[in-house]
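Q: Sequence:
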Amino acid sequence: MSHPDYRLNLRPLGTPRGASSLAGPCGVGASPGDKKSKSKTVRGKKKSIFETYLSKEDVSEGLKRGTLIQGVLRINPKKFHEAFIPSPDGDRDIFIDGVVARNRALNGDLVVVNLLPEEQWKVIKPESNDKETEGAYESDLPEELCGSHPLQQSLKDYNDSPDVIIEAQFDDSDSEDGHGNTQNALVDGVKKLSVCVHEQGKEDAGAPVTKDENTFMSQDTRALPEKSLQRSAKVVYILEKKHSRAATGFLKLLADKNSELFRKYALFSPSDHRVPRVYVPLKDCPQDFVTRPKDYANTLFICRIVDWREDSNFALGQLAKSLGQAGEIEPETEGILTEYGVDFSDFSSEVLECLPQGLPWTIPPEEFSKRRDLRKDCVFTIDPSTARDLDDALSCKPIADGNFEVGVHIADVSYFVPEGSSLDKVAAERATSVYLVQKVVPMLPRLLCEELCSLNPMTDKLTFSVIWTLTPKGKILSEWFGQTIIRSCTKLSYEHAQSMIEGPTRKIPEKELPPVSPEHTSEEVHRAVLNLHSIAKELRKQRFVDGALRLDQLKLAFTLDHETGLPQGCHIYEYRDSNKLVEEFMLLANMAVARKIHRTFPERALLRRHPPPQTKMLNDLVEFCDQMGLPMDFSSAGALNKSLMETFGDDKYSLARKEVLTNMCSRPMQMALYFCSGVLQDQTQFRHYALNVPLYTHFTSPIRRFADVLVHRLLAATLGYRELPDVEPEALQKQADHCNDRRMASKRVQELSTSLFFALLVKESGPLESEAMVMGVLNQAFDVLVLRYGVQKRVYCNALPLRSYRFQKVGKKPELTLVWEPEDMEQEPAQQVRPGGGAAFPEHHWVPVHPALGEPPPASWGALPRPPLLGSPYPRLPAAISGISGSTQQGRRLPLTTPWA
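Residues 66 to 966 in our numbering are what the sequence shown spells out, letter by letter.
Because the hints were derived from the structure by calculation, they are not lab data. Check the hints yourself; a few may be wrong.
[Claimed, not checked] Below, in silico cross-link-like pairs of lysine-lysine (BS3-like), each with a Cα-Cα straight-line distance of 27 Å or less:
no.: 1; residue 1: K306; residue 2: K121
no.: 2; residue 1: K462; residue 2: K576
no.: 3; residue 1: K490; residue 2: K799
no.: 4; residue 1: K606; residue 2: K707
no.: 5; residue 1: K538; residue 2: K602
no.: 6; residue 1: K874; residue 2: K723
no.: 7; residue 1: K828; residue 2: K187
no.: 8; residue 1: K112; residue 2: K462
no.: 9; residue 1: K645; residue 2: K576
no.: 10; residue 1: K645; residue 2: K707
no.: 11; residue 1: K645; residue 2: K572
no.: 12; residue 1: K877; residue 2: K681
no.: 13; residue 1: K129; residue 2: K306
no.: 14; residue 1: K359; residue 2: K717
no.: 15; residue 1: K602; residue 2: K572
no.: 16; residue 1: K359; residue 2: K462
no.: 17; residue 1: K504; residue 2: K490
no.: 18; residue 1: K462; residue 2: K602
no.: 19; residue 1: K645; residue 2: K606
no.: 20; residue 1: K717; residue 2: K707
no.: 21; residue 1: K540; residue 2: K572
no.: 22; residue 1: K540; residue 2: K441
no.: 23; residue 1: K645; residue 2: K187
no.: 24; residue 1: K299; residue 2: K121
no.: 25; residue 1: K576; residue 2: K441
no.: 26; residue 1: K359; residue 2: K306
no.: 27; residue 1: K322; residue 2: K386
no.: 28; residue 1: K329; residue 2: K317
no.: 29; residue 1: K462; residue 2: K572
no.: 30; residue 1: K462; residue 2: K538
no.: 31; residue 1: K606; residue 2: K538
[What the hints assert, rightly or not] Distance ranges between label pairs, derived from CB positions:
no.: 32; residue 1: E584; residue 2: D642; range: 43 to 49 Å
no.: 33; residue 1: E516; residue 2: P696; range: 38 to 44 Å
no.: 34; residue 1: E584; residue 2: E711; range: 27 to 33 Å
no.: 35; residue 1: S830; residue 2: E395; range: 17 to 23 Å
no.: 36; residue 1: D156; residue 2: V875; range: 26 to 32 Å
no.: 37; residue 1: S293; residue 2: P537; range: 55 to 61 Å
no.: 38; residue 1: K306; residue 2: E589; range: 53 to 59 Å
no.: 39; residue 1: K129; residue 2: S486; range: 37 to 43 Å
Yeah, the Cβ is synthetic: ideal placement off N, Cα and C, and Gly gets one too.
Based on the sequences and whatever the hints tell you, model everything.
A: What follows is the structure, encoded as structure tokens:
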């Protein structure tokens, strides 16, 4: 058995595991054997902890009258007593304080809340970190906005096709606790960016936390403006249980060995502390668990919640299975997939029977009479080198008048997925393929994904095409939609296409290129790539002139050991001209199809909208930039894009400052959503903020997105190939909602997979060191961006060799003063003043990154020991930044700089 305490906690985490036993689930009540438990009997009847839910009728009436509010519940993983729902008016989130007020709802559930009386609302001090008032917000940049891609290593990347640029994510954690959250550890586009101080800071921020008796963590109360209130509420009904009710975690014996419960139940302790602890029947547990519980201390289990009664702090559950050892790739991966409700089971025989049975399959003769035959055209794919599911192909034919016939050809997946079939139902339920670092969980059986639908070279394929006549400047002169048959002449990788772009006159040796079909030449393909690149540059330039926004995010790619599957290295994925080429034509096709289906079926079109940024968060960012003297224009997407392009230079540190600000600008951005046009009455809400276009949809990736399959069916009906699908707008909206939910779950799973592999890489290959840049200061910590890995991390003052430190506000700007312990005891202590986003550290201070380093525990842990470097059972981030050393002599240490000097 491996080291029993070593765990990689990769799910969103709350209270440290060592502290969670001090309170009941999520901080309510006590252990089951505690005589002071809130669930003790009163005159023979258990006292209710939670309120009874309102009736459906009362909820419906309250929502109509506006006395009740509905929204998706977000629970802060670091302060799991705090939860929020978005305010319908786009203002500050509505606060839900404590598990009792949450009333058994779990993270992601669609809930109905009742506002509390104003005297019970949360008091917000102006100097508090605003993230604490919005807490745990998982906002998402739409893929069309964020230009870099986290990569799936062995199969086609989830995001290398240009219209699938990964949606950036937020770190949920907004406390200043010393323990970390591994979710979003790598690509946390917009973590902890406010330079304001938390209201409470650590759980006992008033306690002394430095080495000097004269140190104080004070604020000048005379300078504080009046307090403000945050609307607070309680959950009165769960409209939809969107949380899977499954969790991974660890088994423990109950505390009171003499209780009746001890003989019937074990305690399941979820890794995600937003989920309550659960009683599981001992009969579900391993036979020797009661006698040898320590043997299972490092074993991950999956538990499903089946009930949570009004009179119990603890939910009731069933132990589903044992996964294996915590910290290993496959057990952790299966746990992640299960928690987020990803169906990774094999496809049933009933589903597989829907596939063509006589193999090898050939296109039926009648299809040739129905479709435009493009098999003689120079058509090719551009994908990651490891891709197997090839959704899209391109063609570019010069015309005598100097213009070009450009085609986007998409796999005709809907041909193989009959509407209403078992295959259709399972694809609709999965809604998306899920791309992990080491593998993919496909939406469709592999026979379709990798063979029948995939646009593999030198084989006849069924496609749906959009073909334009374009000028060299990218102006559309004509547009054609239709079902086609293509025969791709070659499978280019992005690297192949890039070498063609970079060597326009160079004859590329055949050995450097993939095989090309005899009907075409590599020179012909090269010319087509160059022409497409030239037009794509014009399309891109015009898009930004027209007001589009791009927020590029750093993304990690891994190299894996072929035998062990373990990560050997990682690098920032470079988004190059070849990626941009494909992206432009996928965007063009998606916009064209959106216009086409909406024009024909204005009530039944499945579209994709991107709402403008959240008002409150955007206003906060405007104020921050004003304080920092940054000339940013947030009046529109285009104005923001122009500001980001023009504010900074192109030297190394200017680019780093731009990366920091780009991350900050990502925070107010909302998630892009599928919707049915007939359900949303106000057509101004159809707009896509980032692209700055009135209509948009997804058409180009039907192998891995069910929304695209639905759009293909609509387009086929538009063109008279079939009848309009028999789906009412409300039913189509339900499908759109489900696609949105599964897309979000898929994104979270991908982030956690990336975090898992980065944790293992750092554990095996550390210590890793990287230059970092200070992003902002809080009252007991400051945030840095680790430039080499795109990781944001909080550095805690009590982890540094400081004599003392002090936070204060100078005007509106926060300032953190650090007094360093001198290396030579005869020297005077070195004092530094850290303005928020302010002056740089002297060059002799550095940020080392250590493997799986346990962060210092918050003072509220009391007598709990500080976690060791490895083997810590406490939540932590791999590659935690341990602090700042004070010498240039201790190995190669890179300087810590700051964005705004």
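Q: Hint by hint, note whether the structure agrees.
A: We went through each hint and held it up to the structure:
1. K306 to K121: holds (15 Å)
2. K462 to K576: holds (25 Å)
3. K490 to K799: Holds, at roughly 14 Å.
4. K606 to K707: holds (12 Å)
5. K538 to K602: Between K538 and K602 the Cα gap is close to 9 Å, so the pair holds against 27 Å.
6. K874 to K723: holds (25 Å)
7. K828 to K187: violated (41 Å)
8. K112 to K462: Violated, at roughly 76 Å.
9. K645 to K576: Holds. K645 to K576 sits at ~25 Å (cutoff 27 Å).
10. K645 to K707: holds (19 Å)
11. K645 to K572: holds (23 Å)
12. K877 to K681: Holds, at roughly 18 Å.
13. K129 to K306: holds (21 Å)
14. K359 to K717: violated (51 Å)
15. K602 to K572: holds (23 Å)
16. K359 to K462: Answer violated: K359 to K462 is near 69 Å, above 27 Å.
17. K504 to K490: Distance ~23 Å between K504 and K490 Cα, so the pair holds.
18. K462 to K602: With a Cα-Cα distance of about 17 Å, the restraint between K462 and K602 holds, given a limit of 27 Å.
19. K645 to K606: holds (11 Å)
20. K717 to K707: Holds, because 20 Å separates the two Cα atoms, which is no more than 27 Å.
21. K540 to K572: The given pair, whose Cα atoms are some 30 Å apart, is violated under the 27 Å limit.
22. K540 to K441: Distance of about 26 Å is within 27 Å: holds.
23. K645 to K187: Since the Cα atoms of K645 and K187 sit roughly 47 Å apart, the hinted pair is violated (cutoff 27 Å).
24. K299 to K121: holds (17 Å)
25. K576 to K441: OK: K576 and K441 at ~24 Å, within 27 Å.
26. K359 to K306: Given pair K359, K306 is violated - Cα atoms ~34 Å apart, limit 27 Å.
27. K322 to K386: holds (25 Å)
28. K329 to K317: Holds, because 13 Å separates the two Cα atoms, which is no more than 27 Å.
29. K462 to K572: holds (20 Å)
30. K462 to K538: Roughly 15 Å separates the two Cα atoms, so the pair holds.
31. K606 to K538: holds (10 Å)
32. E584 to D642: 43 to 49 Å: violated (27 Å)
33. E516 to P696: 38 to 44 Å: Distance hint for E516, P696 is violated at roughly 54 Å.
34. E584 to E711: 27 to 33 Å: For E711 against E584, whose Cβ atoms are near 48 Å apart, the range 27 to 33 Å is violated.
35. S830 to E395: 17 to 23 Å: holds (20 Å)
36. D156 to V875: 26 to 32 Å: holds (29 Å)
37. S293 to P537: 55 to 61 Å: holds (56 Å)
38. K306 to E589: 53 to 59 Å: holds (56 Å)
39. K129 to S486: 37 to 43 Å: With Cβ atoms ~39 Å apart, the hint holds.
This entry does not satisfy hints 7, 8, 14, 16, 21, 23, 26, 32, 33, 34, going by the numbered hints stated previously.
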